[in-house]
Amino acid sequence: MHEIPTNTTRNATGSGDFNEQTPVSAIVEFVDEIKEHPTGRGVDLVPLLSEGHPLYSERPANEVVKLRAYAMATLERTGLPDDAMPYVRESLESSFNPYSVAAAARAIRGTRHPEPELLELLLKSMFHVWQSDRPINFTSYRVEWPQINFSTSVTEIFQTLAHFGNDARDLLPALRLLASDPNKFSDATYACLTSCIAAIHQQSGNNSLDEKDFTVSTVQEHTQHHSTVKHWPPWNLSLEDQDGAKLQWGDFFGHKPSVIGFFYTRCGNPNKCTRTIFNLARIQEEVERRGLTGRVRVSAVSYDVQFDTPAALRSYGDARNFHFNNDYRMFRVSSGFEQLVEQMELEVSFVGKQVSSHRIELFVLDRSGEIVQSFVRLQSEPEIVADALASLI
Amino acid sequence: MSITEYRDRILERLQTSSSGIAREADDWLELAHSKAKIGELIWILNDNGTSADEKTRAIVMMNTVRNFSPVMRKLQPEIINALRGQIEAPNVGLRRSAISTLAAMKDEMVQELLLEDISSDKPEEEKLLPTASALAMLARDEKAVPSSVLRKIMMSPPNEESQIAAIRQMPSDPDVCEDLLSLMKDENVPLAAREMIPGMVSEADPLAFLNAATEMLNDSGEESELAPWLVKGMSHISAPEAAEAVDSAKKLVSKLRKRKKAPASFKSAASALLDNGNKPEQ
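Residue numbers (our numbering), protein chains in the order written: chain A, 3 to 395; chain B, 1274 to 1555.
For the record, the hints were derived by calculation from the structure and aren't laboratory data. A couple of the hints might just be wrong.
What the hints assert, rightly or not - Cβ-Cβ distance ranges computed for the label pairs, FRET-style:
no., chain 1, residue 1, chain 2, residue 2, range
1, A, 273, B, 1538, 39 to 49 Å
2, A, 238, B, 1392, 32 to 42 Å
3, B, 1392, A, 340, 40 to 50 Å
4, A, 178, B, 1465, 57 to 67 Å
To be verified - Here are a few chain B residues that sit away from chain A, every Cβ distance over 10 Å (derived from the structure):
no., residue
5, 1277
6, 1364
7, 1373
8, 1434
9, 1459
10, 1464
11, 1480
12, 1519
13, 1547
Unchecked claim - What the simulated footprint calls covered on chain A by chain B, stretch by stretch (three residues with Cβ under 8 Å from a Cβ of chain B suffice, anywhere in the stretch; the number is not a length):
no., stretch
14, 63-73
15, 127-135
16, 139-151
17, 185-194
18, 352-362
Idealized CB from N, CA, C, for every residue including glycine.
Let the sequences and hints guide you as you build the complete structure.
Here's what the structure looks like:
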């Protein structure tokens, strides 16, 4: 139980066979089968966590969230593979959906000793869902309501912290502060919080935590080299910028080191697209501070080709301090966006032309247009991106 | 009167209002801040022995204080759990109250069930709510209904209200312009649905819209009920590639508004298009 799997026992029908036509019941059956026989099966669930999986194409946004969360919560039983960790951290860092946060909280219980930093992130994620908390039940994909016993996203977080006891001892002061005012919570949630504090207190005593106890690796920054991708760079891809100017990919990229962030103006998550653009604005400031103005390019490309008109791009950028000039631009792809999704391995799913789910995606390209570094799932640090750009000059 | 004076006068009026109203306000405030009283309402919703009318009243009371009740925010999971239990209540009033309250909270569970319902081929009377009502409730979340589902309802609606609701929520996507234009031309489609379409299509596909609109104006003239809406749609177009077609359409509108039979609504729309609304032609 709770072991990182070392081998893969694939089901006769793996998740790789799933696509947009696959009924929800078949996907749920697949996950439920893993739930029944969890040993070593965490890796089978990892593909279901990716927004780019074909099975999420043309599914309503709610369904995508629920299916991903259902698979993620099951990692509690199978053990949490390293490959699943970026998805878990992404949910904790950027999701405001109680179901997703609760699933991530559960998944963490699938590891032996999470890093203190991960548990801190878990506690912080409580503030994303505290005011929109929901009754949660992962016993099956569809449960009958009302439930007599249910958890909530907030109680799932407390239960996970309690589960790790001594590993969560650094969070005791914060938890005690939360518990200082019982009126902040319902009776059930407050009881869960006090039990959590008691469990951590009881297990921690005066123990000191040894560095070697941390067995789960941190999220690695994903670096992808696309030299093997066919037709890359897509020199002839048609773009339209925030002023309606039409150009080709090769007119902007492949001349100076560049950064591209992906976003769409209708994104409802303030920790995703809106922060990506604020981050790009901070990258611009960093570029200027280092005297690199005119030697690098900063851009954002929309996922929402139809809705994000030039006027929408400009107003979205203006409102987020994104400075526009010849080197700093926002684009929509006039045609062939699907090709770009494939070539850049973007993880985004659509219902019709509407984005239903996506990850955070930011890439650094060198002066020949090759991708040299990518920052995905978690928001990048502007200084690190600026370092990457500077190293390419 | 300054804003401060106005505010003071309103406050004074509130403070000296009848004691009955003040008492009622006190009752609501007490409910909003009482864990025990909100807990009682939750208990009523979960209790199998309580009548549908009592449960509906409990939901109404919760909705009344929801926006200013700190207790309700804390008890949200318990409240949502209880409300979800009434989504399929046999009593229509109770069911509708529970569903609309959950939909206002953008509850995923209710969205899932409503979407399943409106996507199904069930007869209207077997659905949780009529399709038009379900669409109105789902409209609180722009991602709740995929455009493919809206399109299906729009083209094969179970009734007129559903068709109007589906068109109202349909995103102005160039892919659906052809369908929307075919509905705009179809006189069997209710006017309340057709009159929304020019505003939606004229920006998404200006040339196709101008083509259809001028054809309709030539065929049916300025007296048709839709004519003012067609002209209003033309005034939304700013795409440079449609400039020539807009000029040609304006000439037609200018000719039609000079006719004696041109209704006031048509003349007003024409004025907005041709005179920027402030210089009506004599």
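Hints and how they fare:
{"no.": "1", "hint": "273(A) <-> 1538(B): 39 to 49 Å", "verdict": "holds, 48 Å"}
{"no.": "2", "hint": "238(A) <-> 1392(B): 32 to 42 Å", "verdict": "holds, 40 Å"}
{"no.": "3", "hint": "1392(B) <-> 340(A): 40 to 50 Å", "verdict": "violated, 26 Å"}
{"no.": "4", "hint": "178(A) <-> 1465(B): 57 to 67 Å", "verdict": "holds, 60 Å"}
{"no.": "5", "hint": "1277", "verdict": "holds, 33 Å"}
{"no.": "6", "hint": "1364", "verdict": "holds, 16 Å"}
{"no.": "7", "hint": "1373", "verdict": "holds, 16 Å"}
{"no.": "8", "hint": "1434", "verdict": "holds, 23 Å"}
{"no.": "9", "hint": "1459", "verdict": "holds, 23 Å"}
{"no.": "10", "hint": "1464", "verdict": "holds, 28 Å"}
{"no.": "11", "hint": "1480", "verdict": "holds, 16 Å"}
{"no.": "12", "hint": "1519", "verdict": "holds, 18 Å"}
{"no.": "13", "hint": "1547", "verdict": "holds, 25 Å"}
{"no.": "14", "hint": "63-73", "verdict": "holds (count 5)"}
{"no.": "15", "hint": "127-135", "verdict": "holds (count 3)"}
{"no.": "16", "hint": "139-151", "verdict": "holds (count 3)"}
{"no.": "17", "hint": "185-194", "verdict": "holds (count 7)"}
{"no.": "18", "hint": "352-362", "verdict": "holds (count 5)"}
Taken one by one, the earlier hints fail for this structure only at number 3.
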